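Protein chains in written order, with this note's numbering: chain X, 1 to 607; chain D, 1001 to 1505; chain L, 2001 to 2316.
Worth flagging that the hints you see were computed from the coordinates, not collected in a lab.
It should be emphasised that the depicted structure is a prediction, and the values quoted were computed from it without experimental measurement.
Misleading hints may appear alongside valid ones.
[As the list claims (entries may be wrong)] List of simulated lysine to aspartate or glutamate pairs, DMTMM-like, C-alpha gap at most 20 Å:
(1) D:K1461 - D:E1187
(2) D:K1372 - X:D106
(3) L:K2006 - L:D2213
(4) D:K1327 - D:E1275
(5) D:K1434 - D:D1444
(6) D:K1273 - D:E1431
(7) L:K2006 - X:D106
(8) D:K1327 - D:D1274
(9) L:K2006 - X:D34
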Amino acid sequence: MQRLRPGPVAAVGAIALLALLVPLFGLDNPLHMDIAHRLARPTLAHPLGQDAYGRDVLSRLLWGARVSLAVASSSSLLACLFGTALGLAGGFLRGPVEFVALRGMDVVLCFPPLLLALLVVTLLGPGAATLIPVLAVLYLPGFVRVVYAGVLSVRNQDYVEAMRSLGAGRLRIMLGTILPNVGGPVLVQLSLAAASAVVLESGLSFLGLGVVPPAPSWGLMIGEARATMLQAPLLLLWPCLALSVTILALNALCDALRDAVDPHGITRGRRRAALLERLAPGLLPQPGPALELVGLTIAIDTPAGPIHPVRDVSLRVMPHETLALVGESGSGKSLTGLATMGLLPPVARVAGGAAWIDGRDVLRLDEAALRRLRGATVAMIFQDPLSSLNPVQRIATQIGEAIEAHGASGARAAWRRAVELLRHVGIPDPERRAHNFPHEMSGGMRQRAMIAMAIANQPRLLIADEPTTALDVTIQAQVLDLLATLRRESGMALVFITHSLPVVAEIADRVAVMYAGEIVEQGRVAEVFARPLHPYTAALLASVPREDASLPEPIPGTVPPPYALPPGCAFAPRCRLARADCASGTLPLTEVMAERLTRCRRWSELA
Amino acid sequence: MVALSRREWLIGAAALPALAETARAAPADTLRFGLSSYPPSLQPWANTGTAALTVKTLLHRGLLMFGTDGKVKGALASSWARDGKNGWSFKLRDALFHNGQKVTAEDVKWSLEQIMAPTSTAYLRGQFQAIASIEAPDAKTVRILMKQPTVTLPLMLATPFAPVIAKGSLNAAGGIGAGPYTLTAQERGVSLSFAAFAKFYEPGHPKLRAIHMPVYADENARVAALQSGDVDMIEYVPWQAMAGIQKNPKLVLNTVDGPYMALAFNGGTGPFKDERLRQAVAHAIRREEIVAAAFFGRGTVLEGLPITKSSEFYDPKYAHGWNYDPKLAKQLMAAAGVPNGFDCTLLSTAQYGMHLATAQVVQQHLAAIGIKVKLDLPDWATRVAMGNRGQYEFCVQGQTADNNDPDGLSAYIDGTLPPDNARSYHLPTPEIHKLLAEGRAEFDPAKRRAIYDELQRVAIKVVPLAALCWRAQGYAMTKNVHGFTNMPGGLNFYSGYSLENVYFG
Amino acid sequence: MLFVLKRIGVSVLLVWVVATIVFLAIRMVPGDPAAILLSQGGVAPDPAAVAALRVQLGLNQPLGLQYVEDMRRLLVGNLGQSLQDQTPVAGEILRRLPRTLELIGAAAVLAVLVGLPAGLVAAMRRGGTFDRIASWLAAAALAVPVFVVGTLMVAIFAQGLHWAPAGGYVSFARHPLRHLVLLAMPAATIAVGLAAILFRMTRAAVLDVSMRDYIRTARAKGVAPRRILARHVLRNALMPIVTVLALNLGSLLGGTVLVEYVFNWPGLSGLLVDAVNARDYPEVQGVVLVISVLFVALNLVVDLLYALLDPRVRHG
């Protein structure tokens, strides 16, 4: 969960506060008539003028805010609550619940709002208290539909299935996994409902089905101003303006809420290359390597200033070589991979360094050049193949797209090539499978398809971001084999991002260990595993379950977040070798032995 | 959204101006009259609203009608006279129905008997129960015998509620009439079209060859249609638009005080059983504020029974019997044992702005003397039902007398009649009932005047309804429309009678 | 086949439930059709006349009997006659329905043409100038009631510039060009609010989809942005947009009253309101029934669209 942006919250809060504090403002009595001055223009005593009964418009506007906002918020919240519950229950429990939830809403929708309002009002009598259930019922179907549609689209996803098979309670599945996924549309619906509640209130009040005059409400004010809208248009303007501003604030709040609960955690931001870096680009590339990162630093701008989840990362991968990038979650390894592809989320930007591929610094390429590079020279596969594949496109189409994006071949040729690729990555009966949609394939097959997509244009560099994490162990081994074979055949370089040391041992030639945004150790896998030169590497190795059944030793504490890095060595607070001087000064990554780099002062104590 | 309207604008700019002109150009002898609602039914004798009345004044004529001077004049009857103590006789002129048949005494007798019939839904059904018999001694003479002397029969027959249609021609769509126009086309809810009846009894009438009546239920749409030239004339001009129409050099506004607003009371239960509290309410309201708030100043304060100033029965002595006097109101409340006021509920409707506005001003003014009023504002249909069932303590009424004779107020002030939405509920008024009956039977003008003077005195005390104000009823038309008469007071809704005189000049 | 049969069965059940609720509800609401018909204009009808009319209209029969009779009539497809002037309800609805459908259809086309691209652009340039201006406009469009938009249009184009008639209706057959001119303003008025809703939904859905992993995959493949938008983002974003559009179109079936009034457009909503105000029971029932049948049909179309848009629904 991200932090909520303060602006919209403040705006909505201010409106609510204003409404709450109205009695303290010492305004005119909103009910006091002064018919001698009806429709009077604004004066000092009545800054917004007087209405058709000579009542003070400002006072009515502010007092009306209380009624209107109370009605709008409670009715839309009520509808949201019940609608979401019904939609969730209908979509997830299916069967009779689904039938009742959906058809019940159909019945509601079949009734024109006026008729519905009339029925409820005759039962409960007119007034704000009646308006709330009327409006809630009117908005209920919207929420049910949106939530239901959302549930439909996620209920068959692997993780939901997985949780179900793990025996998670249905309620927990609904609340924990589905709700965040449908949160976005629901919040939009909420803001729409709240806004139209006030507008509808005007219509219903006009028909005598809403707030009872002379009590002020925005809807009533709009309704009353209608008769004189050509004589005194300002009377209409004020409540409409108040309403617009409220809607805008609500919309902004909903946007912010959406961002905050969004599982993808991406917030607003702008991509900006630091000026200095642009003027002083990184060092010239060494010839040969498939990828050379030099001093890569990634920044995320926050209200409290930039934070740096990746700092000064330098590494080199040669053709035919597999480099594993290892670290706990939050260490910055995935961001490093994404930066290399030019796929950083909008919130993050490259703050320094260079990434040389094919003699070009990809960090300084424009989007068009990057696009030509991506999928051709350098390709990437992601952790969750289901969510990474477009659910509404056939597999071969998606693979073919990668081919078409970099060649002139037509759709048919691309399809044929896609089938070949599917065969190449070991998918049985590829002609038939080519027509499948992602949800029709198993997890392992999906990842094979992803790999097929990535190697479609024989990239020189393949970045694999935790490609096996979502798979079970047998499938995992098969996919690793496949990747190893492909690399051998094609001579491409492979950057393998993972948190799993056994996987590293199996696939990689060299390993770079990341901690809190920095590389802390680098070297050949066999050497590093045999003799780690950084306490973190040692601790990581010790935390892996071993074949000799000795107990793994978990590392105490957690990775510090990028906004709260300790001074000096970032690992010092968790390090059993730490001494006082570890918590100060900067620590460079130093080559202490041949092809062995570490960022520890006490590496020799480990040796 | 801006882009959208701009696009509309551009598409429109190419085609519209020329088109709008051609589409609008109507033949010079066709009047385009914007109706305020589509007549829900054209049953000849039932009251189905003002729009229906206007249409019926085109299609039908009865024995008598109201002239532009507000006086009763002959229609299908060329002359009429009292016939014996209880009777009236009518001489028919040579008139034809729209199907070409002659209008005979038999048709008249049959039509009037339909109004009296036990299954009748006619507006005058109740009043026609005073008829003993109808005779047709010859094809040109009709005699109506009343159960007792009735001076007001011609007034009843002159309303558009008693048209004569060809015997046996009644059907769901109406009946065959003898009015100045025939119905040539109708599209339910949209419009009605009429053509002049060439064989109308009055030579040279109607003056226009055709009338087209599109319906504009929304008042702003109606005004917009007039101002943009879609129609030549509209009825029921909304009060807020009157000033704008007066300022428009191409248009003429024609207003008279017609209907009136009032408060009716529940005399069966609640505080207003006590006539002193009814009086207190009648004295506590500053009526010019209702005129201002509900009718944009287009109306006249009314502090006595709704009898127009032009009426011979108007008496300045009683015309201000319910003058604004909050001190007196407080004294009356003290006398009734509630010096500090009380709580009560006022029934009105939110569907019609004038009812709502009147209720809000009344609420405000009564609060000033300590009466806390809660407003009950259902939709109109519910309001009618609650009125009929007496589910109120007092209620806002907007109504029109049946004619400008004090007898035309019977339905609204005679609480002895069976309970009804139009008058105070369970508020028996034996004195008023008696005086109204006497007035109806009295043929001597001086004695009638005395009777109605007494009636006004009693009404001021009993308060069968607390009248509030006359409201101006407006027609608006383009400058070249001539010959229309907007009739005052109780005759206002019969103004359609004068459409036969309308011409373009 | 079984699926279709089941669907039809459910639909019939739905329509029956609606018919029953309407029958009961409209009679539960106070107001007597006979009394209202005869007390137009605030005059006092004779109570005996009202009673006579009630007998004529069959309103004095026991409720159960009326219900059985109503349902029997509906079974043979007879919607009955208006209580006001004995016009057959079915004929009146047939006359009015195409006008309302036309109005809604035209408004929907306009709204989609404006709202969808605007939402798309706003989402792509999130936080940019266009996004901000469009969001403001959408909020204003949602805040301003249709009658204000409509009245302003009439004031400007009809009363001010005299470019178009202030309102009214002419059938297409009689005067095609004028028909379209008269259609333009009310359709545009409805479209304003609808476009704002579509804008909001499109913007949200596109933002939502563009954060999905598969969009990142497409970018990683080097697919051109325009193609990503067309093939990946829009396609996936359409489902919620279609849901919201259908929902709003459905509610417009009985909800264009104010626009119909302002532009004097004789559509179905106006008929419904007039019928409710007059407590014209057969007319109210007929209109609501037709609306619910249409709604069921609309639902079917949406379901088919879902299947077209999302293979998971097709197979699931």
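Against the structure, the hints come out as follows:
For the given pair, K1461 (chain D) sits about 50 Å from E1187 (chain D) by alpha-carbon distance, which is inconsistent with the 20 Å threshold. A hinted pair counts as satisfied when its Cα atoms are at most 20 Å apart, and K1372 (chain D) with D106 (chain X) does not qualify at roughly 44 Å. Straight-line distance between C-alpha atoms of K2006 (chain L) and D2213 (chain L) comes to about 38 Å, which puts the hinted pair past the 20 Å bound. For the hint pairing K1327 (chain D) with E1275 (chain D), the CA-to-CA distance comes to about 17 Å; that is within 20 Å, so the pair holds.
About 17 Å separates the Cα atoms of K1434 (chain D) and D1444 (chain D), which keeps this hinted pair within 20 Å; it holds. Among the hinted pairs, K1273 (chain D) with E1431 (chain D) is consistent with the structure: their alpha-carbon atoms are about 17 Å apart, no more than 20 Å. Restraint check for K2006 (chain L) and D106 (chain X): satisfied, since their Cα atoms lie roughly 16 Å apart, inside the 20 Å limit. Pair hint K1327 (chain D) plus D1274 (chain D) holds up; C-alpha atoms about 18 Å apart against a cutoff of 20 Å.
Restraint check for K2006 (chain L) and D34 (chain X): not satisfied, since their Cα atoms lie roughly 64 Å apart, outside the 20 Å limit.
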